[in-house]
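First to last, the protein sequences are chains A and B. Following my numbering, the numbering of the first sequence begins with 237 at its first residue and continues without gaps. Following my numbering, the numbering of the second sequence begins with 74 at its first residue and continues without gaps.
Any given hint could turn out to be false.
[To be verified] EDC-like cross-link-like pairs, simulated, lysine to aspartate or glutamate; straight-line CA separation at most 20 Å:
| id | chain 1 | residue 1 | chain 2 | residue 2 |
| --- | --- | --- | --- | --- |
| 1 | A | K262 | B | E152 |
| 2 | B | K146 | A | E255 |
| 3 | A | K262 | B | E169 |
[Claimed, not checked] Some but not every residue of chain B turned toward chain A, in silico, with C-beta under 7 Å:
| id | residue |
| --- | --- |
| 4 | L123 |
| 5 | R150 |
| 6 | R151 |
| 7 | F157 |
| 8 | P175 |
| 9 | M178 |
[To be verified] Which chain B residues stay away from chain A? Per the calculated CB distances, all over 12 Å, these:
| id | residue |
| --- | --- |
| 10 | V124 |
| 11 | G135 |
| 12 | K146 |
| 13 | N171 |
| 14 | G293 |
| 15 | F311 |
Worth flagging that the hints you see were computed from the coordinates, not collected in a lab. Where is the CB? At the ideal position from N, CA and C, for every residue including glycine.
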Amino acid sequence: MKSFGKYLILLSTLFINRERFNVYVKRIVDESILIGIDSVFIVVIVSTFIGAVTAVQTAYNLVSPLIPLYIIGTIVRDMTVLELAPTITCVVLAGKVGSNIAGGLGTMRITEQVDALEVMGINSASYLILPKIIAAILTFPLLVIIAGFLSMYGGYLAGVLTGVITEKEYIYGIRYQFQGYNITFAIIKSLVFAFLISSISSYQGFFTKGGALEVGQSSTEAVTNSCIAVLCADYLLAQLLL
Amino acid sequence: MIEIKNISKSFNNKQVLLDVNGQFVKGKTNLIIGASGTGKSVLLKCIVGLVKPDEGSISFDGRDFTQADSELKQSIRREIGMLFQGSALFDSKTVEENVMFPLDMLTTMRREEKLDRANECLKRVGLENANKLFPSEISGGMQKRVGIARAIVMNSRYLFCDEPNSGLDPQTSIKIDNLIKDITEEYNTTTVVVTHDMNSVLEIGEHIMFIYKGRKIWEGSNKDILDTEVTELQDFIFANKLIRDMKAKKDR
Ligand SMILES: Nc1ncnc2c1ncn2[C@@H]1O[C@H](COP(=O)(O)OP(=O)(O)OP(=O)(O)O)[C@@H](O)[C@H]1O
Ligand SMILES: [Mg+2]
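Take these sequences, add in the hints, and give me the full structure.
Here's what the structure looks like:
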């Protein structure tokens, strides 16, 4: 509870005494590259396989001749776009981005780099953390869109290449009764997850005390707490918005 | 001149500083000395405002820092340069970018002007041809020099150094000490150096404050430190064999 209060106070200090605007522009670009572009590879791998596995497992479970095969495409689409692409991607990103943020900030804290900023009269929390949160909010939706697309493509590859389903049926399936709101929902989820992961990891890293061992601990804690937060938020959003 | 009055600080019921008073003279290297863990770094952090003292006041040339509003605080901070115990260079930035950083953040100078100023400072601390290297690629002594260059780049009126020669060999230590002393005289800064190296104490200690278990128990200069009657200070000084021998010879 005390740490939750401290977390809120940290978030509010991000906006008071900010530095000049163009300082942030450069920082946001740098962070976007670090958080976004550098995560593309892992997102591509994870989402393609998620789609492929979903397709194969759905096909395996569909033994009734009464159900048309194109349903495989529909199920892959609904499972991945709504849940697997945003949530699994963000859980993976919580591991990659979260540990990176917490480790980076923790190291800066224990090597007195944060103090060095403060002595210069710079709002270190705002200078270091705000660009990370903004960069995550900008890049996570893009990553989730890539993930949604690739998981459907992964399902296509797995389904069509193994000959379980024809190309035509699969394409018909993913178009069948398509609801645009699902995409909106996935993007809303990615925005919320981006904020949670970047801010929780920043909090963990920023208040690291001690030495190298504690930096490792804050990274671990950042990943654990971000994952828990992502899954809780996932449930809440589903309750509220679906 | 920096004046501190009745500074006390405790962390979780553990008294680290108790009623410390003193002055740091302009244009001189002022030393804070004492054994490990006596609160030297905490005192320095109180003075620069990184740690809020429980009690007491700090004033920079008559401007009260503890009571100051955020605007005055900000303007005093811009006159402070600090070299940290571990240099605290930004490891994602090159040497040149590190030195330019305060200018980037706090001034509206053009890029060429900033580069010129950064190079001037790097030259002043005796570091050329290292501009494009990263902190992890240079030695500890060079890192200290970069730290000093970054501390003076804003033409600081106040220079703070926390153990500028920890982890350096004696020869490099002396060079860094003398650099700090020269810069102090050249720019007429009020310099405060925390150290427990007797070599620097004797070399550059124009005004020395001895901290023992969070209290200031002696004040003086390197000329009279060897003749002190304070037993805690004697223990501190004469832990060094060379100084012990030197003192014995002098007494004879
Ligand atoms: N943020 C803090 N929280 C709790 N205790 C602290 C904090 N900072 C310092 N201390 C305690 O204050 C005491 C003095 O620490 P300080 O770093 O000032 O020592 P020092 O004189 O600089 O020693 P050294 O020469 O080893 O650097 C130590 O016992 C330390 O545990
Ligand atoms: Mg110290």
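### Query
Once the closest CB in chain A is found, is it more than 12 Å from N171 of chain B?
Given a closest Cβ separation of 10 Å, the condition is violated.
### Hint check: 7 Å Cβ-Cβ cutoff, L123 of chain B to chain A
Constraint on L123 of chain B satisfied, holds at 5 Å.
### chain A contact restraint on M178 of chain B - CB to CB distance below 7 Å
holds (6 Å)
### Task
With a cut-off of 7 Å on the beta carbons, see whether R150 of chain B makes it to chain A.
holds (3 Å)
### Query
Does R151 of chain B meet its interface restraint, that is, does its C-beta lie within less than 7 Å of any C-beta in chain A?
holds (6 Å)
### Task
Below or equal to 20 Å on CA atoms is what counts here, so check K146 of chain B against E255 of chain A.
holds (16 Å)
#### Entry: chain A versus G135 of chain B - minimum CB to CB distance exceeding 12 Å, so not interface
holds (20 Å)
### Task
Report holds if the minimum CB distance from V124 of chain B to chain A is greater than 12 Å, and violated otherwise.
Violated: least Cβ distance 10 Å, not greater than 12 Å.
### Query
Would the least Cβ to Cβ distance between G293 of chain B and chain A come out above 12 Å?
For G293 of chain B, whose nearest Cβ neighbour in chain A is about 28 Å away, the distance exceeds 12 Å, so it holds.
### Message
Hinted pair, alpha-carbon criterion (20 Å max): K262 of chain A, E152 of chain B. Please report holds or violated.
### Response
violated (26 Å)
### Message
Min Cβ distance, F157 of chain B to chain A: is it shorter than 7 Å?
### Response
This hint holds: F157 of chain B lies near chain A, its Cβ roughly 4 Å from the closest one there, short of 7 Å.
### Task
Take a quick look at F311 of chain B and tell me if its Cβ sits farther than 12 Å from every Cβ on chain A, holds or violated.
It holds; F311 of chain B is separated from chain A by about 32 Å at its closest Cβ, greater than 12 Å.
Checked against the numbered hints given earlier, the structure breaks hints 1, 10, 12 and 13 and satisfies all the rest.
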